[in-house]
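For the record, the sequence lines run as chains G and L.
When we follow the working numbering, the leftmost residue of the first sequence carries the number 169, and every step to the right adds one.
When we follow the working numbering, the leftmost residue of the second sequence carries the number 1386, and every step to the right adds one.
Please note that the accuracy of each hint is not assured.
Listed below are the simulated DSS-like cross-link pairs for lysine-lysine, each with C-alpha atoms no more than 25 Å apart in a straight line [as the list claims (entries may be wrong)]:
hint, chain 1, residue 1, chain 2, residue 2
1, G, K213, L, K1442
2, L, K1396, G, K213
3, L, K1396, G, K170
4, G, K247, G, K210
5, L, K1442, L, K1396
6, L, K1442, G, K247
Honestly, the hints are just simulated from the structure, not real lab data.
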Amino acid sequence: RKEVEQDPGPFNVPEGATVAFNCTYSNSASQSFFWYRQDCRKEPKLLMSVYSSGNEDGRFTAQLNRASQYISLLIRDSKLSDSATYLCVVNAAAGTSYGKLTFGQGTILTVHP
Amino acid sequence: GAGVSQSPSNKVTEKGKDVELRCDPISGHTALYWYRQRLGQGLEFLIYFQGNSAPDKSGLPSDRFSAERTGESVSTLTIQRTQQEDSAVYLCASSRQGAASGANVLTFGAGSRLTVL
């Protein structure tokens, strides 16, 4: 089983739609979680951290379910500029690899007019 | 510098040659990471340096791959006897601490695109 798994998509949605991505992780001791965004042929950039209580940043909402070991990202009122690959990122558990970040394969989102 | 700098941005080499890729992290960032991204694939962890601790080399795919870091500055990733399957974008990233803290952001360089003919 991969350490971090995502549905690769692609998700094709019209402008204004709401879309949700899920991500599962295998190590129950993982402690920090993030969503990154990667535009075509560009480097990944942090979209948002994911906190235990859930958090929101404008149109983006991130949720963490530790019991089920999954993370979600919800995008409301999709814009054309949201088209990108969304990467789920999980840190390693405490120990010698503390701080090592593992990336999921990414979920491709295309927002069309 | 203001960002993570990687060089060369593009490298074309012949199978069997050695290549060296360089990463200059953001000043003051103690953690440095190398990832590999093949065309259309996700990021594959290679190696992680954190301060003066022993690096986590668990992602290096073979003994042809090695990396060094001088103190908390420049890192070089060396690939010996390159193979065609080594063709990928090699991404370097740095953060102020081990990025487990939510306050620390992983900043990536633009990558070094390696093509092995």
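Going down the list of hints, with the structure as the test:
1. G:K213 with L:K1442: Distance ~24 Å between K213 of chain G and K1442 of chain L Cα, so the pair holds.
2. L:K1396 with G:K213: 24 Å, holds
3. L:K1396 with G:K170: Violated, because 30 Å separates the two Cα atoms, which is more than 25 Å.
4. G:K247 with G:K210: Measuring from Cα to Cα gives roughly 19 Å; hence the hint holds.
5. L:K1442 with L:K1396: 24 Å, holds
6. L:K1442 with G:K247: 40 Å, violated
This entry does not satisfy hints 3, 6, going by the numbered hints stated previously.
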